[in-house]
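Student: Residues per chain, in single letters:
There are 2 protein chains.
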Amino acid sequence: MFLYTKNFDEQKARAMEGLRRALAEGKVDDDIIPLLDKINSLENYFTTSSCSGRISVMEMPHFGDKVNSVWLGKWHRTVKVEEVLEAIGRHEKGQLWFLIRSPILHVGARTMEDAVKLLNLAIGLGFKYSNIKSVSHKKLLVEIRSTERMDVPLGTDGELWVDEAYIERIVGIANSQVRRFKGKLKRLGEEVEKIENAHQSP
Amino acid sequence: MFLYTKNFDEQKARAMEGLRRALAEGKVDDDIIPLLDKINSLENYFTTSSCSGRISVMEMPHFGDKVNSVWLGKWHRTVKVEEVLEAIGRHEKGQLWFLIRSPILHVGARTMEDAVKLLNLAIGLGFKYSNIKSVSHKKLLVEIRSTERMDVPLGTDGELWVDEAYIERIVGIANSQVRRFKGKLKRLGEEVEKIENAHQSP
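So the sequence lines, in the order shown, correspond to chains A and B. Quick note: UniProt numbering has the first sequence finishing at residue 202, numbered continuously throughout. Quick note: UniProt numbering has the second sequence finishing at residue 202, numbered continuously throughout.
These aren't lab readings, by the way, just hints derived from the structure by calculation. As the structure is a computational prediction, the values presented were derived from the model and not from experiment. The beta-carbon is built from N, C-alpha and C at its ideal position, and this holds for glycine as well. One or more of the hints may lead you astray.
Said to hold, decoys possible - Using C-beta positions, here's what the derived DEER-type ranges look like: (1) A:Glu168 - B:Trp71: 21 to 29 Å; (2) A:Ala13 - B:Glu164: 52 to 60 Å; (3) B:Gly172 - A:Ser176: 26 to 34 Å; (4) A:Leu3 - B:Ser176: 36 to 44 Å; (5) B:Ala22 - A:Thr78: 38 to 46 Å; (6) B:Asp30 - A:Glu164: 38 to 46 Å; (7) A:Gly89 - B:Leu23: 51 to 59 Å; (8) B:Glu164 - A:Thr147: 23 to 31 Å; (9) B:Lys138 - A:Lys27: 37 to 45 Å; (10) A:Glu17 - B:Arg21: 52 to 60 Å; (11) A:Glu92 - B:Asp9: 57 to 65 Å; (12) B:Glu191 - A:Glu92: 39 to 47 Å; (13) B:Asp9 - A:Thr147: 29 to 37 Å.
What the hints assert, rightly or not - Here are the simulated lysine-lysine pairs, DSSO-like style, with alpha carbons at most 27 Å apart: (14) A:Lys139 - B:Lys139; (15) B:Lys138 - A:Lys194; (16) B:Lys139 - B:Lys12; (17) B:Lys182 - A:Lys128; (18) B:Lys74 - A:Lys128; (19) B:Lys139 - A:Lys6; (20) B:Lys139 - A:Lys138; (21) B:Lys117 - A:Lys117; (22) A:Lys139 - B:Lys6; (23) B:Lys128 - B:Lys117; (24) B:Lys194 - A:Lys138; (25) B:Lys139 - A:Lys117; (26) A:Lys27 - B:Lys128; (27) A:Lys12 - B:Lys128; (28) B:Lys12 - B:Lys186; (29) A:Lys117 - B:Lys6; (30) A:Lys128 - B:Lys138; (31) A:Lys12 - B:Lys117; (32) A:Lys128 - B:Lys117; (33) A:Lys128 - B:Lys27; (34) B:Lys128 - A:Lys182; (35) B:Lys138 - A:Lys117; (36) B:Lys138 - A:Lys139; (37) B:Lys128 - A:Lys139; (38) A:Lys6 - B:Lys117; (39) A:Lys182 - A:Lys117; (40) A:Lys128 - B:Lys12.
Using the sequences provided together with the hints, build the complete structure.
Tutor: Structure, rendered in structure tokens:
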């Protein structure tokens, strides 16, 4: 059971159509597009969703309520303290958080063997939280994910719990995390192309 | 390939021996022991490692250097502000962090079908970051993990970046996360027992 994805090529065609639409609408993080192209050029894989990693300032009605949360600022790159302070300045109500999220890619694989091969490549390149996210008749989904993350509560209902010097500190840490995961993405782009050739060699 | 774990019963026996040793040495989080017992009483699963979730205060030489990090305080339960302040008082050098980690269980499964069944049960009970962590001839490993997490930088080299009022705030948020994941663990304990019966029913 679940050893391979049913109608893989059909599914891939549909995913590629979705990607083209998302690209046209500017909904894909620019700096991850070359990596997506590389993965999608492989015979046995296709990307279904992705984020290149981000720093953000977010307002949530209460913890975990993502549905009603609002981004006051979001950057897929290193940030300046001023940008973060400006986003914080827009805070009015609910819980205010400073967040970092590692890059995340969801990749459909043709067979379980293909899935495991990509999983092991990703883990070896520092994407240590990578895993097989779902296994069903419809889909074999590999999640590529790294460890960088911060969840820092900053205040609530317009009141700030920390001072500007603290924001400066955490922006410094955040930027070093961003530099780290960008490096990992770069290496993944270099190595992922070889994954099918390795398979075909005698 | 990798549809089932080779020598499952042998592996399980070895894991159970390791668990007994860990229990004897007091290395297993008390409140998760009944859940481990339930999982290990099932024919097709065994636990290989686990943490019941925790709040901690940690000192790291620099970000991500877990090897040389030191716990100044660690609790598998809700905490009092005073306990956290006491731990922070022991900080001397390196980066100081306040952390929350969700419960995490690693469970070996006999077959891929068993793995997927447990994965889907866990996700359905709110352990949304659950996944299949590794797939090899030796092991089919399900990771059960939830979303609760905080990583809050508090200071560096003995200097604190935040005040006591802030610590109070984040302890409040942390405690509500702990209550949430304890509830999820409880439900998992109630539901996991049924997983093999469901399988055997006509």
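Student: The structure should be examined with respect to each hint, and the outcome stated for every one.
Tutor: Do the hints match the structure? See the list:
Distance hint check: the CB atoms of A:Glu168 and B:Trp71 are about 27 Å apart, consistent with the given range 21 to 29 Å. Judged by the Cβ atoms, the range 52 to 60 Å given for A:Ala13 and B:Glu164 holds: they are separated by roughly 58 Å. Taken as a hint, the range 26 to 34 Å holds for the pair B:Gly172 and A:Ser176, whose Cβ atoms sit roughly 29 Å apart. At roughly 42 Å, the beta carbons of A:Leu3 and B:Ser176 sit within the given window of 36 to 44 Å.
Between B:Ala22 and A:Thr78 the Cβ separation comes to about 43 Å, which falls inside the hinted range of 38 to 46 Å. Evaluation of the 38 to 46 Å hint for B:Asp30 and A:Glu164 yields a pass: the beta carbon distance comes to about 43 Å. Hint check: A:Gly89 to B:Leu23, Cβ distance near 53 Å, so the stated range 51 to 59 Å holds. Remark: the range hint 23 to 31 Å for B:Glu164 to A:Thr147 is upheld by a beta-carbon distance near 30 Å.
Taken as a hint, the range 37 to 45 Å holds for the pair B:Lys138 and A:Lys27, whose Cβ atoms sit roughly 41 Å apart. Checked against the hint of 52 to 60 Å, the pair A:Glu17 and B:Arg21 passes, with Cβ atoms roughly 55 Å apart. In this structure the supplied range 57 to 65 Å holds for A:Glu92 paired with B:Asp9, their Cβ-Cβ distance being about 60 Å. Look at B:Glu191 against A:Glu92: about 40 Å separates their beta carbons, and that is inside 39 to 47 Å.
Taken as a hint, the range 29 to 37 Å holds for the pair B:Asp9 and A:Thr147, whose Cβ atoms sit roughly 34 Å apart. For a cut-off of 27 Å, the pair hint linking A:Lys139 to B:Lys139 stands: about 21 Å separates their Cα positions. With a CA separation close to 26 Å, the supplied pair B:Lys138 and A:Lys194 stays within the 27 Å bound. Of the supplied pair hints, the one linking B:Lys139 and B:Lys12 holds, its CA atoms being roughly 11 Å apart against a limit of 27 Å.
Of the pairs offered as hints, the one joining B:Lys182 and A:Lys128 holds, with about 26 Å between alpha carbons and a cut-off of 27 Å not exceeded. For the hint linking B:Lys74 to A:Lys128, the alpha-carbon distance of about 24 Å falls within 27 Å, and the restraint holds. At roughly 25 Å between alpha-carbon atoms, B:Lys139 and A:Lys6 fall within 27 Å of each other, so this suggested pair holds. For a cut-off of 27 Å, the pair hint linking B:Lys139 to A:Lys138 stands: about 24 Å separates their Cα positions.
In summary, the hint linking B:Lys117 to A:Lys117 is supported, as the alpha carbons are separated by about 23 Å, within the 27 Å threshold. For the hint pairing A:Lys139 with B:Lys6, the CA-to-CA distance comes to about 25 Å; that is within 27 Å, so the pair holds. A hinted pair counts as satisfied when its Cα atoms are at most 27 Å apart, and B:Lys128 with B:Lys117 qualifies at roughly 14 Å. Annotation: proposed proximity of B:Lys194 to A:Lys138 holds, straight-line Cα distance about 26 Å (limit 27 Å).
Taking the CA atoms of B:Lys139 and A:Lys117, the gap is about 15 Å. The hint holds against a cut of 27 Å. For the hint linking A:Lys27 to B:Lys128, the alpha-carbon distance of about 25 Å falls within 27 Å, and the restraint holds. The hinted pair formed by A:Lys12 and B:Lys128 meets the criterion: a straight-line CA distance of about 25 Å does not exceed 27 Å. Between the alpha carbons of B:Lys12 and B:Lys186 the distance comes to roughly 24 Å, so the proposed pair stays at or under 27 Å and holds.
Distance restraint check for A:Lys117 and B:Lys6: the Cα-Cα separation of roughly 19 Å lies within the 27 Å cut-off, and the hinted pair is therefore satisfied. Proposed proximity of A:Lys128 and B:Lys138 is supported: the alpha carbons are some 19 Å apart, at most 27 Å. Our distance criterion of 27 Å between C-alpha atoms is met by A:Lys12 and B:Lys117, whose separation comes to about 26 Å. Using a Cα cut-off of 27 Å, the hinted pair A:Lys128 and B:Lys117 holds, with the two alpha carbons roughly 24 Å apart.
For the hint linking A:Lys128 to B:Lys27, the alpha-carbon distance of about 25 Å falls within 27 Å, and the restraint holds. Restraint check for B:Lys128 and A:Lys182: satisfied, since their Cα atoms lie roughly 26 Å apart, inside the 27 Å limit. Under the criterion of a C-alpha separation no larger than 27 Å, the hint pairing B:Lys138 with A:Lys117 is consistent with the structure, at around 15 Å. With a C-alpha separation of about 24 Å, the suggested pairing of B:Lys138 with A:Lys139 holds against the 27 Å cut-off.
With a C-alpha separation of about 18 Å, the suggested pairing of B:Lys128 with A:Lys139 holds against the 27 Å cut-off. At roughly 19 Å between alpha-carbon atoms, A:Lys6 and B:Lys117 fall within 27 Å of each other, so this suggested pair holds. Distance restraint check for A:Lys182 and A:Lys117: the Cα-Cα separation of roughly 22 Å lies within the 27 Å cut-off, and the hinted pair is therefore satisfied. The suggested pairing of A:Lys128 with B:Lys12 holds, with an alpha-carbon distance near 25 Å, which does not exceed 27 Å.
The structure meets every hint from the earlier list without exception.
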